[in-house]
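Participant: The lines below spell out each chain.
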Amino acid sequence: MEHIISVTVENKFGVLSRVAGLFSGRGFNIESLSVAPTLDPSMSQMTIVTSGDERIIEQIVKQLNKLIDVIKVVDLNETEFVSRETAIIKVHTKDADRAEALRIVDIFRANVIDSTPSTYTIEVSGDPKKIEAIINLLQPLGIKDLVRTGRVAVAREPARPVAVQTKKVARD
Amino acid sequence: MKLTGAEIFIECLKREGVKTLFALPGGVVLKIFDTLHQQKDIEVILTRHEQGAGHMAEGYAKATGKAGVCLVTSGPGMTNVITALADAYMDSVPMVCFSGQVPTSLIGNDAFQEADNIGLSRPCTKYNFLVKDVNDLAATIKEAFYIATTGRPGPVLVDIPKDVSMAKAEFTYPNSVSIRGYNPTYEGNKWQIKQAAEAIMKAKKPILYVGGGVGFSGASQELLELAEMTQIPVDMTLMGLGVFPGEHPLSMGMLGMHGTYEANMAMHYSDLVIAIGARFDDRVTGKVSEFCPHAKVIHVDIDPTSIRKNINVDIPIVGDCKTVLRELNQILRATVNGEQKDLRKPWWDQIHEWQQAHPLTYHQEQDGPIKPQQVVKRLYELTRDRDPIVATDVGQHQMWAAQYFKLAKPNRWLTSGGLGTMGFGFPAAMGAQAAFRNRLVLCIAGDGSIQMNMQEMATAIISKLPVKIIILNNGFHGMVRQWQDLFYEGRYASSDLGTTPDFVKLAEAYGAVGLRVKKVGDLDAVLKEAMATDKPVIVDVPTYPYENCYPMIPAGGCNHEMLLEDPPELKKQVGSEKVTPEDKDTVLTA
Chain A
1 MEHIISVTVE NKFGVLSRVA GLFSGRGFNI ESLSVAPTLD PSMSQMTIVT SGDERIIEQI
61 VKQLNKLIDV IKVVDLNETE FVSRETAIIK VHTKDADRAE ALRIVDIFRA NVIDSTPSTY
121 TIEVSGDPKK IEAIINLLQP LGIKDLVRTG RVAVAREPAR PVAVQTKKVA RD
Chain B
1 MKLTGAEIFI ECLKREGVKT LFALPGGVVL KIFDTLHQQK DIEVILTRHE QGAGHMAEGY
61 AKATGKAGVC LVTSGPGMTN VITALADAYM DSVPMVCFSG QVPTSLIGND AFQEADNIGL
121 SRPCTKYNFL VKDVNDLAAT IKEAFYIATT GRPGPVLVDI PKDVSMAKAE FTYPNSVSIR
181 GYNPTYEGNK WQIKQAAEAI MKAKKPILYV GGGVGFSGAS QELLELAEMT QIPVDMTLMG
241 LGVFPGEHPL SMGMLGMHGT YEANMAMHYS DLVIAIGARF DDRVTGKVSE FCPHAKVIHV
301 DIDPTSIRKN INVDIPIVGD CKTVLRELNQ ILRATVNGEQ KDLRKPWWDQ IHEWQQAHPL
361 TYHQEQDGPI KPQQVVKRLY ELTRDRDPIV ATDVGQHQMW AAQYFKLAKP NRWLTSGGLG
421 TMGFGFPAAM GAQAAFRNRL VLCIAGDGSI QMNMQEMATA IISKLPVKII ILNNGFHGMV
481 RQWQDLFYEG RYASSDLGTT PDFVKLAEAY GAVGLRVKKV GDLDAVLKEA MATDKPVIVD
541 VPTYPYENCY PMIPAGGCNH EMLLEDPPEL KKQVGSEKVT PEDKDTVLTA
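Those protein sequences? They're chains A and B, same order as listed. Residues 1 to 172 (the numbering used here) are what the first sequence spells out, left to right. Residues 1 to 590 (the numbering used here) are what the second sequence spells out, left to right.
The hints are simulated quantities; they were obtained by calculation from the structure and are not laboratory data. Watch out, some of these pointers could steer you wrong.
As the list claims (entries may be wrong) - Here are the simulated BS3-like pairs of lysine-lysine, each with C-alpha atoms no more than 27 Å apart in a straight line:
| hint | chain 1 | residue 1 | chain 2 | residue 2 |
| --- | --- | --- | --- | --- |
| 1 | A | Lys12 | B | Lys132 |
| 2 | B | Lys66 | B | Lys142 |
| 3 | B | Lys40 | B | Lys464 |
| 4 | A | Lys12 | B | Lys168 |
| 5 | B | Lys519 | B | Lys377 |
| 6 | B | Lys142 | B | Lys19 |
| 7 | B | Lys464 | A | Lys12 |
| 8 | B | Lys464 | B | Lys519 |
| 9 | B | Lys202 | B | Lys341 |
| 10 | B | Lys287 | B | Lys190 |
| 11 | B | Lys535 | A | Lys72 |
| 12 | B | Lys40 | B | Lys505 |
| 13 | B | Lys371 | B | Lys464 |
| 14 | A | Lys72 | B | Lys190 |
| 15 | B | Lys19 | B | Lys194 |
| 16 | A | Lys72 | B | Lys142 |
| 17 | A | Lys130 | A | Lys94 |
| 18 | B | Lys505 | B | Lys519 |
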């Protein structure tokens, strides 16, 4: 099953390779990984999308916690969360297609962020299904280039306070 | 006053109480060696190979419980020490390794003897540091020792570029360390401990399964109290040997692939497994799906990742073995009464039956070839009063040592368990001897594995480390040959060593003492002579080449399905191409 794991780490060199090395060395999956500094510049936030059965996910969370540069690990699947992914798509557009491309952009509430006589560069955010959908629609026009960020996610504030379960997995 | 990086390095080591440094110099660490040369507080033991330095640091650490320290140069120095780091990581040995690095301005330029030390060591250390600024050096070394020795211990690497060792900085040594991502749990969860106590009270067929963690935690006394109070039999892992007295009536000896019959049977048929400082390694569990099918499992370990990694656990307790056992004993002391003894009488009857049915066994003919088990057994009986430290390499001789050398106390057993590193024993024994100059330190080795770090004999001579090496010389990579006999129809692919050196002459060439046991009747006399020598000694014991180590659970087999002797078809096969020790001896001296 797919899990999104949010990892707060020290913002220093080599940390990404420790995390990536943990996944490759122990044969865990990484579907996507994104990393950027937090409000506190001494820390970075990683969002890792991974998959595995309950026991594997438990090991992933524990092994991440064991890394000395990891400050906090939250398995977001244990709470409610919102997630987004951004894609930037450069589409080949001949004259006749330009209007069609703009219609698709409109439907998906995407943006055209750059334009040349023969291309549009489109930015779209959403869940992976939405991004798959717009890619499918743009494909017939001719996609020249496609980059995706991988997912970032954040836990929703609980409607009423509940005990956060994550530490249970992490410690005992 | 400002100090150079090299001086800061030495000041830090002194503050950490380091007395011995296992080291080998090279271009980028010359400044450090030059500074070491001008002081007297830290003894430098110059090894012949960086792997030797690493294993010596491990041996020192296992025997003393303190961090072992080694220093190597960049590039090949670093790559050579990797095996020792990986070994220490698998076996949770506290160790700090310092490596030299090319000057910071050259890092990444493919400079002479440059290697990515941090990248190389990352998967085989608990943590590693590259010190880019001499002002960070002292604090980094403090953190390195703290990480290596706390929580689940392990190796830590500190990579010091040449310019950092030469630059100057004000020296202040921090009093404490605080790392926000590193807070090992020492206190066990009280509710869980109470659950464990209740389970222990109720169990009809409980078994204690204890490992190296008990030794690192210094919890042997607490374990003894628990076992005696509750009268629960104790199975030890390979790493755990010595944490519980081997001759104690409650001791079942070692469990696992070559464990005793009663240890494995008791595991399989128990209704409660109490795992303490052990990690359910595949050499212990055998086939995971049929491991302890009737048992509830209590697992005490300081490393949360050990718990539920290989098998499911009913009562997990993350914490330090000593702290948790103290608390557990306190609860049990108030509740244990005579009832448990009656409750468990059938269990003990069963265990005694197993013990009598299949004790460890071998057959030594009066004038036949020397059996390796006989050598270990006599070595044990002749030296036990001197409370020796015993190191081993990896293979058949290691398993026989584990079976027949019944250690009474922790910190006496130096063996490579997790990584299974041949060549570990001799340098590890030297590391322990460097810590305890007056103790008897034995190294039980095979003729294959001793050759993997033989060069350290020069170090043993120069640094006066009178380790006694006993080579069980069967002319084979014995464990490989055993597997080939059992699973590859006796095809000895690259396991027959062919010509091995004359170990007696080899010892003498280094300036050590070489002795050979020619027949079983001479065994005691030669061993006694070796033990009475104050120099390093090699005792070469040509043994019966086709002896196999039993009991044995074939890899992936089930714990109660042990092979107890050579299968009949194998006996026939061996008889047809039997080589006597005399033949081997002729080969040796030819």
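Participant: If a hint holds in the structure, say so; if it does not, say that too.
Facilitator: The hints, checked one at a time:
This hinted pair checks out: lysine 12 of chain A and lysine 132 of chain B have alpha carbons roughly 13 Å apart, not beyond 27 Å. Taken as a hint, the lysine 66 of chain B and lysine 142 of chain B pair is honoured in the structure, with Cα atoms around 14 Å apart against an allowance of 27 Å. Restraint check for lysine 40 of chain B and lysine 464 of chain B: satisfied, since their Cα atoms lie roughly 17 Å apart, inside the 27 Å limit. Our distance criterion of 27 Å between C-alpha atoms is met by lysine 12 of chain A and lysine 168 of chain B, whose separation comes to about 24 Å.
Restraint check: the Cα-Cα separation between lysine 519 of chain B and lysine 377 of chain B comes to about 16 Å, which is no more than 27 Å; the hinted pair holds. Between lysine 142 of chain B and lysine 19 of chain B the CA atoms are separated by roughly 16 Å; this keeps the pair inside 27 Å, and the hint holds. Only pairs whose Cα atoms come within 27 Å are accepted, and lysine 464 of chain B paired with lysine 12 of chain A is rejected, the gap being roughly 45 Å. Using a Cα cut-off of 27 Å, the hinted pair lysine 464 of chain B and lysine 519 of chain B is violated, with the two alpha carbons roughly 30 Å apart.
About 11 Å separates the Cα atoms of lysine 202 of chain B and lysine 341 of chain B, which keeps this hinted pair within 27 Å; it holds. For a cut-off of 27 Å, the pair hint linking lysine 287 of chain B to lysine 190 of chain B is broken: about 33 Å separates their Cα positions. For the hint linking lysine 535 of chain B to lysine 72 of chain A, the alpha-carbon distance of about 54 Å lies beyond 27 Å, and the restraint is violated. A hinted pair counts as satisfied when its Cα atoms are at most 27 Å apart, and lysine 40 of chain B with lysine 505 of chain B does not qualify at roughly 36 Å.
Restraint check for lysine 371 of chain B and lysine 464 of chain B: the C-alpha separation of about 32 Å exceeds 27 Å, so the hint is violated. Proposed proximity of lysine 72 of chain A and lysine 190 of chain B is supported: the alpha carbons are some 24 Å apart, at most 27 Å. Straight-line distance between C-alpha atoms of lysine 19 of chain B and lysine 194 of chain B comes to about 43 Å, which puts the hinted pair past the 27 Å bound. Between lysine 72 of chain A and lysine 142 of chain B, the direct Cα distance comes to roughly 24 Å. Compliance with the 27 Å bound is thereby established for this hinted pair.
Between lysine 130 of chain A and lysine 94 of chain A the CA atoms are separated by roughly 25 Å; this keeps the pair inside 27 Å, and the hint holds. Of the supplied pair hints, the one linking lysine 505 of chain B and lysine 519 of chain B holds, its CA atoms being roughly 19 Å apart against a limit of 27 Å.
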